[in-house]
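Peer 1: If you want the building blocks of each chain, they are given just below.
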Amino acid sequence: MTRTTEADVDTPPQALAPSISRRDLLTYAVSGPVLTIAAGFGINLATPGTATALPLASTPPDTTDFCDAGDLVLLASAPTMPLVVLQVGADNRIRLELPRLESGQGIATACGMMVAEELYVPLSSVDVTLSDARPELLFNQFTGGSANVRVFDASLPLLAATARARLIAAAAQQWGLASAMLTVEAGVVKSPDGRTATYASLSAAAALVAPPTGVARKSPSQYTVIGRRAGRLDARAIVTGQKKFTLDQDVPGAMPTMVRRPPTIRGTVVAINNASTVQGMPGVIGIVAIPGGGTIVPNPPGVAVMAETFGQAWAAVNALDVTWGAGSIDGESNDTIQQKLRASIVPFAVPPLGALTVDAEFEMAPASHAPMESECAIADVRAGSAEIWARLQCPIDTQVAIAQDLGLPQNKVKVHVVSSGGSFGRGVFWDGVQQAAQVSKALGRPCKLMYHRTDDMRHARMRPHQYHKCRATMLLGQVISYEHRVASPRVDLRHGLGEILTATAVSAPPSVQQSIGNLAFEVSTFQLMVSSPYNFGVLTKVLNPVSIDINTCTYRSVHIQPTRGVEEIMVDEIAAKAGKDPVAFRLEYLRQDRARAVLQKVASAAGWGKAMPAGFAQGVGVHQESRSFTACVIEIDARDPNAAKVTKAVIAIDVGQPINPSGIEAQIQGGLVESISLVLTAGLHFQNGLPLEGSYSQYHFARMKHYPKDVQIFIMPSTEKSGGLGEVGMSATTGAIANAYARATGIKPRKFPLNFPVDFTPIPPGMLPTPTLT
Amino acid sequence: MPNYTFEVNGKSVTVDAPADMALLWVLRDKLGIKGPKYGCGINVCKACTCHLDGKAITTCSTKVSTANGRKVTTIEGLAVGDTLHPVQQVWLDRDVAQCGYCQPGQIMAAVDLLNRTKNPTDADIDAIENVCRCGTYGRIREAIKAAAALMA
Numbered sequence: 113m114t115r116t117t118e119a120d121v122d123t124p125p126q127a128l129a130p131s132i133s134r135r136d137l138l139t140y141a142v143s144g145p146v147l148t149i150a151a152g153f154g155i156n157l158a159t160p161g162t163a164t165a166l167p168l169a170s171t172p173p174d175t176t177d178f179c180d181a182g183d184l185v186l187l188a189s190a191p192t193m194p195l196v197v198l199q200v201g202a203d204n205r206i207r208l209e210l211p212r213l214e215s216g217q218g219i220a221t222a223c224g225m226m227v228a229e230e231l232y233v234p235l236s237s238v239d240v241t242l243s244d245a246r247p248e249l250l251f252n253q254f255t256g257g258s259a260n261v262r263v264f265d266a267s268l269p270l271l272a273a274t275a276r277a278r279l280i281a282a283a284a285q286q287w288g289l290a291s292a293m294l295t296v297e298a299g300v301v302k303s304p305d306g307r308t309a310t311y312a313s314l315s316a317a318a319a320l321v322a323p324p325t326g327v328a329r330k331s332p333s334q335y336t337v338i339g340r341r342a343g344r345l346d347a348r349a350i351v352t353g354q355k356k357f358t359l360d361q362d363v364p365g366a367m368p369t370m371v372r373r374p375p376t377i378r379g380t381v382v383a384i385n386n387a388s389t390v391q392g393m394p395g396v397i398g399i400v401a402i403p404g405g406g407t408i409v410p411n412p413p414g415v416a417v418m419a420e421t422f423g424q425a426w427a428a429v430n431a432l433d434v435t436w437g438a439g440s441i442d443g444e445s446n447d448t449i450q451q452k453l454r455a456s457i458v459p460f461a462v463p464p465l466g467a468l469t470v471d472a473e474f475e476m477a478p479a480s481h482a483p484m485e486s487e488c489a490i491a492d493v494r495a496g497s498a499e500i501w502a503r504l505q506c507p508i509d510t511q512v513a514i515a516q517d518l519g520l521p522q523n524k525v526k527v528h529v530v531s532s533g534g535s536f537g538r539g540v541f542w543d544g545v546q547q548a549a550q551v552s553k554a555l556g557r558p559c560k561l562m563y564h565r566t567d568d569m570r571h572a573r574m575r576p577h578q579y580h581k582c583r584a585t586m587l588l589g590q591v592i593s594y595e596h597r598v599a600s601p602r603v604d605l606r607h608g609l610g611e612i613l614t615a616t617a618v619s620a621p622p623s624v625q626q627s628i629g630n631l632a633f634e635v636s637t638f639q640l641m642v643s644s645p646y647n648f649g650v651l652t653k654v655l656n657p658v659s660i661d662i663n664t665c666t667y668r669s670v671h672i673q674p675t676r677g678v679e680e681i682m683v684d685e686i687a688a689k690a691g692k693d694p695v696a697f698r699l700e701y702l703r704q705d706r707a708r709a710v711l712q713k714v715a716s717a718a719g720w721g722k723a724m725p726a727g728f729a730q731g732v733g734v735h736q737e738s739r740s741f742t743a744c745v746i747e748i749d750a751r752d753p754n755a756a757k758v759t760k761a762v763i764a765i766d767v768g769q770p771i772n773p774s775g776i777e778a779q780i781q782g783g784l785v786e787s788i789s790l791v792l793t794a795g796l797h798f799q800n801g802l803p804l805e806g807s808y809s810q811y812h813f814a815r816m817k818h819y820p821k822d823v824q825i826f827i828m829p830s831t832e833k834s835g836g837l838g839e840v841g842m843s844a845t846t847g848a849i850a851n852a853y854a855r856a857t858g859i860k861p862r863k864f865p866l867n868f869p870v871d872f873t874p875i876p877p878g879m880l881p882t883p884t885l886t
Numbered sequence: 014m015p016n017y018t019f020e021v022n023g024k025s026v027t028v029d030a031p032a033d034m035a036l037l038w039v040l041r042d043k044l045g046i047k048g049p050k051y052g053c054g055i056n057v058c059k060a061c062t063c064h065l066d067g068k069a070i071t072t073c074s075t076k077v078s079t080a081n082g083r084k085v086t087t088i089e090g091l092a093v094g095d096t097l098h099p100v101q102q103v104w105l106d107r108d109v110a111q112c113g114y115c116q117p118g119q120i121m122a123a124v125d126l127l128n129r130t131k132n133p134t135d136a137d138i139d140a141i142e143n144v145c146r147c148g149t150y151g152r153i154r155e156a157i158k159a160a161a162a163l164m165a
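These protein sequences, in sequence, are chains H and V.
So the first sequence is residues 113 to 886, counted in my numbering.
So the second sequence is residues 14 to 165, counted in my numbering.
If you're looking for bench data, these hints aren't it; they were derived computationally from the structure.
Careful: at least some of the hints might be erroneous.
To be verified - The list that follows gives simulated cross-link-like pairs (lysine-lysine, DSS-like), each with its CA atoms no further than 27 Å apart:
no.	chain 1	residue 1	chain 2	residue 2
1	H	K833	H	K760
2	V	K131	V	K84
3	H	K821	V	K158
4	H	K757	V	K158
5	H	K817	V	K68
6	H	K863	H	K452
7	H	K757	H	K817
8	V	K131	H	K356
9	H	K863	H	K757
10	V	K43	V	K131
11	H	K356	V	K24
12	H	K356	V	K43
13	V	K131	H	K821
14	H	K863	H	K760
15	H	K757	H	K821
16	H	K553	V	K84
17	H	K833	H	K330
18	V	K24	H	K817
19	H	K356	V	K68
20	V	K84	H	K356
21	H	K653	H	K863
22	H	K356	H	K330
23	H	K553	H	K524
24	H	K821	H	K760
25	H	K760	V	K158
26	H	K833	H	K713
The shape of chain V in the complex, shown without the other chains (with noise of 0.2 Å):
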């Protein structure tokens, strides 16, 4: 099997695996990086999602060539040192979490998004389509506006 060698939460690292093998498996069963979550498995739910190159993808559904000689950033490597990015201050200061399990992947496609946008509208926010089975939407978009504002 071939080498792949990339960056992840600031660190190189180098796996042997097939290069169509799901960026996920091999974050999770190799790297033994748990933070990014299975939910579907087929790009739907977006639990897994990851940033690369600091955009977000959905780590399910990328190759582990694709992320060669690239940078991958998963929920762990999102906090610097003790300090929280601002949009983890916001959701513990909002309380917005349930159960968890998809938080995660909520939390980077909320980050992807205010990366893209400084002052993301109602209808960008409703653009995210991760699933939130415990109904966390509500204090997601409380969270993103008030973390937009905290960035500013």
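Chain H extracted, bound-state conformation (with noise of 0.2 Å):
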């Protein structure tokens, strides 16, 4: 995304449908009447997931149920659809302007596979670009509770119909025929007596076509893309070098920039000591301190470098002598956060009944995203504008809080989304165009910066510690109540959705972190995420979220994973006080069909059951989420308990209409992936105020040697509307290795990640690594 013409993306389609003389690729409006795609949401809205989620009577209704953080963003992004841009080049191919973020979870592709599939024309045809913040879309720019699939599923079908409705309804016209004779194929209309149009030759007439009433989007019966494996739009880009992520984009001047940060989280700079002889280092162009403030959210301390190359930078980086000042967290380790969060912790309402009751208490480190990108932006601050380049979830946030920071109006700062290498919740937040954009104003020249992988583990956000208490309780055999408490320091969403309203809903002045706002937004999030797929009776679950200071934001699925996969060994510890089979006892307490369908499908499928020899074993999990259902049998070789690997997968993932297989199985290998890391060795070490892991080899995400040799994939056929995708293959497969780790040890699961020693020399606080060359 180099765009760097007029702004007439930013101007809504109606207003562009007079002056398609101007270009060549002519924009139409896929814009229905408001009221017209509305109605249709209203319909869906009103029976969310009720037909088969109705609870049973023991068991008191889940706020999932009726409405979840997926259905929020569905009915917020709702009344904009109609202003997301479908165009029709003059070469015959297809654009959609994607107002997401593209981080390669697949969104652009199932998104373009819905419009090839509405327009009738080959998938190879159809181009998806990522929007840049288009402020009117309001909350319609949002990347995030694995709801861009749900959501464009619910309105893009019939944005591409309606479009296609109109191209027809142009040749009609044009040809004295009624729009019913003609039929389309592969981007062109026909009339029965042979006449063809290209689209690209009914665009110009097309957008002034109104658009018609009653179009319906195809039946699943008339599938021939969605359904179907397709291989990722930018898959060629990608193999040959080509895809541009935000540091590979060409803008003419902007030079590499570093930051050195400081020794513990939050610190700040008192004094540059040495800024004279650091300037004198090969290749150093300027040095600034970042200043304070920020909107929103606080710009990140430290002291930036730019120079002529980044091996240039990073070396004057660590040249720098710098004073620090407090952070805000100085002193405080793993253990003195986990005893804050353990203080903190609700009662339970249901009392102990001795020997009835299942009590356990777990422990979670923090843990970085660690996208392989790190933390970059690229900013071009002029004195009467600016330029943004990022990957961003949600880039209006991110225009309205620079043009504050720098004193511009909000429609003189251009933003231009970047997909983005991984993101995995980080790009909630634009702390590296906050630290861009002011290096540019000082030293008047664009700047990419980039953060160095210690301080993306260190100093970028991160999803915090997490301690979880939880008890079961039975009579007569029965469970007859489940209680879950959380607690863990508090999660930055002051993005809100994505634009202001809500950003500034949850948000205080910036220095203020732990804003009542902030807090009302924490608990609605959990309680519209968190669902138990059990009938336990009284469940309660209650997040407390704790005011202690780390950088922190939302990490793929939030609190989910976590609190569903402590679920799932609590429900193999309850069975086996049960004495019962955990699939047996699965099976008899889920609460939903489709839940029971996924654990049947992967019981039988992975031969549950069999025996295996000492230190190995097979281990359970199921989990409902985003009107998702999975089921996970994992096989584990624990002989080591400090080494266990796991060797083998059984997944059934129910999305409801699958839109591409080999995306949807590809999103479940990549959370398989994540929960073998977060369960097994992925973790960060809190000492003296700073995570001690900074690279790859000290954070232990998972690589080759660990990902299982026999990984089996299921997708359930459904015609159900599509649920969501990105967060939910993480908490089945966290349950199932952590019930397999148990039952191959004897050595209940109650520390994360299980195998979590120092096992590296740290890089010293505040200092980058220096590279070995040869």
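Hey, can you piece these two chains together into the complex? The hints should help.
Peer 2: In structure tokens form, the structure reads like this:
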């Protein structure tokens, strides 16, 4: 995304239609009257999941049965969905401008498939680009909550079908025929008497056709694209090295910049003691202490060095002598933080009933998103305007905040969203942009800023520590209550739903990280995301965000993977107390048929219950989230409990109507890798206010040798509405891995990751490692 | 600063750089060749993997002076015109990539392995240390085996 032409894409399509002569790409509105579209959403939302989600009488309904986080995003996105831009190019190619961030999760390809399906064109003739920040989209430019496919599946096919209807109507007008007599094939409208017209030749006329009413999307039985395996749209660019990530953008004059960061999280710059010496180092262009301030969230502290190359910026950053002030959590370690979390827990509602109770406590170490592309951004700040390039899940927030930071009108800040090298939630904030903008402003040159990996693990946002306390009670052999308490340092949600209204609502002055608004938003989000699939009688779940100022943000699945993973461990322990097999017990207590179906699928395919040698075991987990259902059977080799290894995984996933089976499988494979990492080896050790881990050799995310060689994934056939996916694949796998570990070793899994020694020499706090070159 | 002359993807280049500058920054910041990616800078994640005289190196940890007079191949130089290298082709056929950031390094590592070993074993593939945070390992393993069959 390097568009620097006039800002026509920020104009609503209706306004563009009359000016079609000024460019060869004819943007025309896919927009129908808002009310027509919205009526469709109204129908969808009136019955969220009730067809299958009716809980049994003994279990009070779960919040998510009626409305979950994805519904919230869907509802918020709907009103502006008609502003999404589809274009037919002069070359008859279709271009969708997607107001979301593609970060590898495959939404660009999935949405391209929806467009191809309804426009009757091959997927290969659809291009999907990412929208610049478009404030008129309001809540409809927020990437998160595994809601993207759900949101677009509820609207994009209808929008594309409307576009097709208008193209047909244009041809009908030209030929003096009724629309119903015409057909379309591969981007060409055809008449019974053999006349043909390409979409490209019709798009100017179609732009003037009023959107017809009564347009219907295809029924699943008509699908020729959706539901079939498709390769990623950007696959060829990736394998040839042509895909452009943020730092690959060709922005003239943008110079490499790195930042010296404090020895503790949020330490402050007091003085730079050797600026003139460092200024004289090879390649150094300028040195800038990042100023305080920041809109919505504070600017990360540090001293930036701009140089001719990143190598020179890195050397100069390490040569800086900076006097630092205290940080926000100096002296804190994993143990001290866990003590605070433990002390904050809200008591259970149901008293213990002696031998009929299963009680357990769990701890999770913090986790780094660790996307391969470290935190980065490009900013070109001029006297009266600015231009930004970055991977952004909330580009409208970014535009508003940076405009305010720079004292510019919002429409003078152009924000380009660039496809990212992984995100896993990290891209909801714009820390890199804040710093790059300040450096560009101070030095009067475009700045391309990159975090060193060490800083990306220590000073960028992360998933904080978690403490869980659970109790199940049983009476006459039945589970009658399940209570779950979670405490965690507050997760920063001040981005809201990606635009300024909700961002402001959850924000206070940026220096105040523990706002009441943030607290309310986090607790609501927890209730809207975490759903127990079991009929356990009285279910209570309470999240207690604790005021500890760590740099946090949502991490793939937010609170779901730890909370549901823990619940799956509890289920195994409850089943054991009841003397029942883990699969049979789950089948007895699951509330929904679709959950039972995925469990039965994996139990059968994996040969559940087969005999295994000592030190080996199977483990099972089930999960529902975002209107999707999944189950997993794991086989583990834990002969050495300190080096447990997942050897096999059988996973079933029901996402409703599958869009792209290849993409679904990829997300499930990725969720498996993430679960293996978080359960067994990947975590951060805080010590004296800073994580010790500073690279992938220290933060033990899974490598090739840790991925099981036998992985079977079953995508359940379904014509239900599409559910969420990106975050769904982590919880059943988490439970299954932990349960397999427990069954193989006899050790109850309580502290995660399970294998978590400090098996490295930490990089000194505040420093970057020095490369060894050969 | 001294000059270094070497071949990149079949073309001779001369750069003015300190001897100990990492080849990664010479490629990206001086020559504008952006296929090799930064991931760690200390020879851990392998995202910057390229070939020097046909053998895999991590360019973040190789001095530009080491490349002097030799042949460097980046992901951009793997295909011959529009004809993809068999490894690139199987990567497409099997839809290996997710975000794609680590994939240039993964592909260069896979080509290097197949250059050394016609029929790599699972143990050979397990020895590849390139990090993929999205978790494409299963598809990479299958793709390497498919490429081996294709190249046999």
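Peer 1: If a hint holds in the structure, say so; if it does not, say that too.
Peer 2: Results of checking the hints against the structure:
Between K833(H) and K760(H) the CA atoms are separated by roughly 30 Å; this puts the pair beyond 27 Å, and the hint is violated. A hinted pair counts as satisfied when its Cα atoms are at most 27 Å apart, and K131(V) with K84(V) qualifies at roughly 23 Å. Annotation: proposed proximity of K821(H) to K158(V) holds, straight-line Cα distance about 13 Å (limit 27 Å). Pair hint K757(H) plus K158(V) holds up; C-alpha atoms about 23 Å apart against a cutoff of 27 Å.
Distance restraint check for K817(H) and K68(V): the Cα-Cα separation of roughly 22 Å lies within the 27 Å cut-off, and the hinted pair is therefore satisfied. Between K863(H) and K452(H) the alpha-carbon distance is near 16 Å, which keeps this suggested pair within the 27 Å criterion. Proximity of K757(H) to K817(H) is assessed by CA-CA distance (about 10 Å); at most 27 Å being required, the pair is judged to hold. Distance hint between K131(V) and K356(H) is unfulfilled; the C-alpha atoms sit about 32 Å from each other, more than 27 Å.
Restraint check for K863(H) and K757(H): the C-alpha separation of about 17 Å stays at or below 27 Å, so the hint holds. A hinted pair counts as satisfied when its Cα atoms are at most 27 Å apart, and K43(V) with K131(V) does not qualify at roughly 36 Å. A hinted pair counts as satisfied when its Cα atoms are at most 27 Å apart, and K356(H) with K24(V) qualifies at roughly 22 Å. Of the pairs offered as hints, the one joining K356(H) and K43(V) holds, with about 17 Å between alpha carbons and a cut-off of 27 Å not exceeded.
Under the criterion of a C-alpha separation no larger than 27 Å, the hint pairing K131(V) with K821(H) is consistent with the structure, at around 20 Å. A hinted pair counts as satisfied when its Cα atoms are at most 27 Å apart, and K863(H) with K760(H) qualifies at roughly 23 Å. In summary, the hint linking K757(H) to K821(H) is supported, as the alpha carbons are separated by about 11 Å, within the 27 Å threshold. Of the pairs offered as hints, the one joining K553(H) and K84(V) is violated, with about 41 Å between alpha carbons and a cut-off of 27 Å exceeded.
Under the criterion of a C-alpha separation no larger than 27 Å, the hint pairing K833(H) with K330(H) is consistent with the structure, at around 13 Å. In summary, the hint linking K24(V) to K817(H) is not supported, as the alpha carbons are separated by about 37 Å, beyond the 27 Å threshold. At roughly 25 Å between alpha-carbon atoms, K356(H) and K68(V) fall within 27 Å of each other, so this suggested pair holds. Among the hinted pairs, K84(V) with K356(H) is consistent with the structure: their alpha-carbon atoms are about 25 Å apart, no more than 27 Å.
Restraint check for K653(H) and K863(H): the C-alpha separation of about 20 Å stays at or below 27 Å, so the hint holds. In summary, the hint linking K356(H) to K330(H) is not supported, as the alpha carbons are separated by about 35 Å, beyond the 27 Å threshold. For a cut-off of 27 Å, the pair hint linking K553(H) to K524(H) stands: about 14 Å separates their Cα positions. A hinted pair counts as satisfied when its Cα atoms are at most 27 Å apart, and K821(H) with K760(H) qualifies at roughly 7 Å.
Using a Cα cut-off of 27 Å, the hinted pair K760(H) and K158(V) holds, with the two alpha carbons roughly 19 Å apart. Of the pairs offered as hints, the one joining K833(H) and K713(H) holds, with about 21 Å between alpha carbons and a cut-off of 27 Å not exceeded.
Of the numbered hints stated above, those contradicted by the structure are hints 1, 8, 10, 16, 18, 22, listed in ascending order.
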